[in-house]
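S.K.: Going down the list, the protein sequences come from chains Y and X. Going by the working numbering, the first residue of the first sequence is number 17, and it counts up by one from there. Going by the working numbering, the first residue of the second sequence is number 17, and it counts up by one from there.
Since the hints were derived computationally from the structure, they do not count as laboratory data. Zero decoy hints are in this set.
You can't tell identical chains apart in this list, so a pair holds if it fits in one copy or across any two.
Each computed SDA-like pair below joins lysine to any residue, with the alpha-carbon atoms no more than 25 Å apart:
{"#": "1", "residue 1": "Lys-158", "residue 2": "Leu-31"}
{"#": "2", "residue 1": "Lys-158", "residue 2": "Gly-113"}
{"#": "3", "residue 1": "Lys-158", "residue 2": "Trp-127"}
{"#": "4", "residue 1": "Lys-175", "residue 2": "Pro-115"}
{"#": "5", "residue 1": "Lys-175", "residue 2": "Ser-106"}
{"#": "6", "residue 1": "Lys-225", "residue 2": "Ala-59"}
{"#": "7", "residue 1": "Lys-175", "residue 2": "Phe-114"}
{"#": "8", "residue 1": "Lys-158", "residue 2": "Ala-33"}
The structure presented is a predicted model; accordingly, all values stated were derived computationally and were not measured.
2 protein chains.
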Amino acid sequence: MLECLVEGEISDRILAADRGLQYGDGLFETMAILHGQPRFWQAHMDRLAAGCERLGLPVTPQAILFREVQTVSAGQQNCVVKIIITRGTSGRGYAPGFPVNTNRIVCSYAWPVDPGNLVETGIRTRICTLRLGLQPALAGLKHLNRLEQVLARAEWNDKAIHEGILLDPEDHVISAISSNIFLVSGDSLLTPRMDRCGVRGVMRAQILKAFKSRCQQRRITLDMLPEADEVFVCNAVRGIFPVTRIDHWEYSIGPVTREVQKWLRDRVSPPVGSN
Amino acid sequence: MLECLVEGEISDRILAADRGLQYGDGLFETMAILHGQPRFWQAHMDRLAAGCERLGLPVTPQAILFREVQTVSAGQQNCVVKIIITRGTSGRGYAPGFPVNTNRIVCSYAWPVDPGNLVETGIRTRICTLRLGLQPALAGLKHLNRLEQVLARAEWNDKAIHEGILLDPEDHVISAISSNIFLVSGDSLLTPRMDRCGVRGVMRAQILKAFKSRCQQRRITLDMLPEADEVFVCNAVRGIFPVTRIDHWEYSIGPVTREVQKWLRDRVSPPVGSN
Chain Y
17 MLECLVEGEI
27 SDRILAADRG
37 LQYGDGLFET
47 MAILHGQPRF
57 WQAHMDRLAA
67 GCERLGLPVT
77 PQAILFREVQ
87 TVSAGQQNCV
97 VKIIITRGTS
107 GRGYAPGFPV
117 NTNRIVCSYA
127 WPVDPGNLVE
137 TGIRTRICTL
147 RLGLQPALAG
157 LKHLNRLEQV
167 LARAEWNDKA
177 IHEGILLDPE
187 DHVISAISSN
197 IFLVSGDSLL
207 TPRMDRCGVR
217 GVMRAQILKA
227 FKSRCQQRRI
237 TLDMLPEADE
247 VFVCNAVRGI
257 FPVTRIDHWE
267 YSIGPVTREV
277 QKWLRDRVSP
287 PVGSN
Chain X
17 MLECLVEGEI
27 SDRILAADRG
37 LQYGDGLFET
47 MAILHGQPRF
57 WQAHMDRLAA
67 GCERLGLPVT
77 PQAILFREVQ
87 TVSAGQQNCV
97 VKIIITRGTS
107 GRGYAPGFPV
117 NTNRIVCSYA
127 WPVDPGNLVE
137 TGIRTRICTL
147 RLGLQPALAG
157 LKHLNRLEQV
167 LARAEWNDKA
177 IHEGILLDPE
187 DHVISAISSN
197 IFLVSGDSLL
207 TPRMDRCGVR
217 GVMRAQILKA
227 FKSRCQQRRI
237 TLDMLPEADE
247 VFVCNAVRGI
257 FPVTRIDHWE
267 YSIGPVTREV
277 QKWLRDRVSP
287 PVGSN
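Generate the whole structure from the sequences, applying the supplied hints.
M.R.: Structure, rendered in structure tokens:
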């Protein structure tokens with residue numbers, strides 16, 4: 017962690033009574049800061065506001081968050097900023113106090129290095145044993161209840177495997193552990209619906225918008241994976257990674273993945289190296 | 017909160033980087049301290065150890081926890097102590113660092129008052145709209161991912177309703193929001209299985225042990241609720257409450273509920289008032 021603000025004050029600590037710790041009662045956003053500016057800022061803010069509405073949390077004014085993101089990323093050309101909004105503190109028990117006073121934590125992290133140049137060469141993945149539970153009330157949200165992802169990521173240690181693919185209990189493909197997934201079929205882009213589980217990623221939403229006429233959100237069954245011409249995963253911070261392997265299925269890196277990567281590169285200039 | 021120890025030191029704060037906040041990556045226990053002694057201590061420790069094993073967390077030595085529970089409850093005749101064990105801090109990302117250094121938080125709270133004498137007069141409940149998602153990998157555990165309970169508890173404001181009943185997506189009865197549930201049929205006690213969702217409560221386990229020959233863990237369907245002779249809910253801290261109402265279904269407080277309450281009363285003397 018580089019810098020951290022808790023409720024606007026420099027601090028790396030929160031109250032133990034915070035409902036973010038007690039219940040995971042809150043949301044987060046993780047964004048790329050490139051050339052000193054947050055990428056997809058408005059998309060992150062829109063998702064956060066939508067999440068707050070669904071969880072019944074008051075929305076923190078964007079101007080406050082923007083200022084604090086600037087503060088924690090000051091002096092960094094490229095870095096990562098994570099915003100956490102919790103329902104604040106309350107007594108014991110699930111019922112929140114009224115009025116709700118949210119707590120906000122804004123922290124910066126070093127830009128992640130990609131020593132293997134995986135954006136170019138692609139990543140290897142595996143299908144996780146853990147199945148995501150179906151929970152429409154929380155589906156799509158980037159909330160703080162992430163034990164499923166923790167358990168899924170703990171399934172392997174092999175450093176040659178870069179990501180895990182998550183299925184639901186009915187063997188629908190949902191996402192990777194910290195990224196969304198797209199399948200390419202001919203000229204079309206398919207990505208799973210996020211109405212029963214999974215996170216509606218900001219990069220996913222940007223791709224859906226940019227390639228609208230060629231994109232479909234649908235249920236994707238496991239047997240569609242080996243049939244796909246190309247597969248890629250995406251993440252608001254790390255971008256778009258071609259998938260070259262899912263367990264024993266192999267994929268070549270195709271023109272559509274390269275096209276989407278080019279769209280992202282042209283849209284915002286790439287980071288000019290870690291600092 | 018009365019007193020709080022973080023890693024054995026007096027503090028009401030934890031690091032913002034703690035995975036308990038970042039992902040809800042941890043477990044908790046909430047126990048009654050009666051006459052200065054933790055009730056069902058070994059049962060809480062056994063459940064915590066089982067949870068740690070399932071989440072891949074090293075087990076904190078009981079002697080350390082016992083000493084810290086005594087410290088935070090010192091001078092209190094009756095109070096509540098909550099222990100939280102998290103996977104500690106790590107960098108960004110779901111993969112934990114190795115070795116895992118857990119973080120422990122031990123806090124005491126005032127003994128909850130029961131001004132309505134609800135243990136005697138019974139509680140009114142409602143069936144929640146939110147359905148618990150099925151997740152066998154986390155079922156039974158008292159983990160820190162509790163957004164489902166928060167959302168369910170936010171469904172009503174009516175102070176005359178004391179608890180919410182939670183169903184799974186297939187309309188099986190699972191539990192109340194912060195307690196387990198038993199149905200009485202004749203002389204028999206029925207309680208839902210906790211293999212697909214829900215929390216294996218410590219009081220539930222004690223009742224299952226004490227009334228072993230008359231207890232059944234089974235799937236309980238919604239239509240069994242109006243057929244039940246008696247219904248009660250139980251919780252390690254607050255004890256056993258007769259249920260007099262679930263939405264429009266009414267129940268009288270019957271002999272089996274009173275028998276189980278008497279068992280608990282005889283087993284450990286009741287608190288002699290809040291302090």
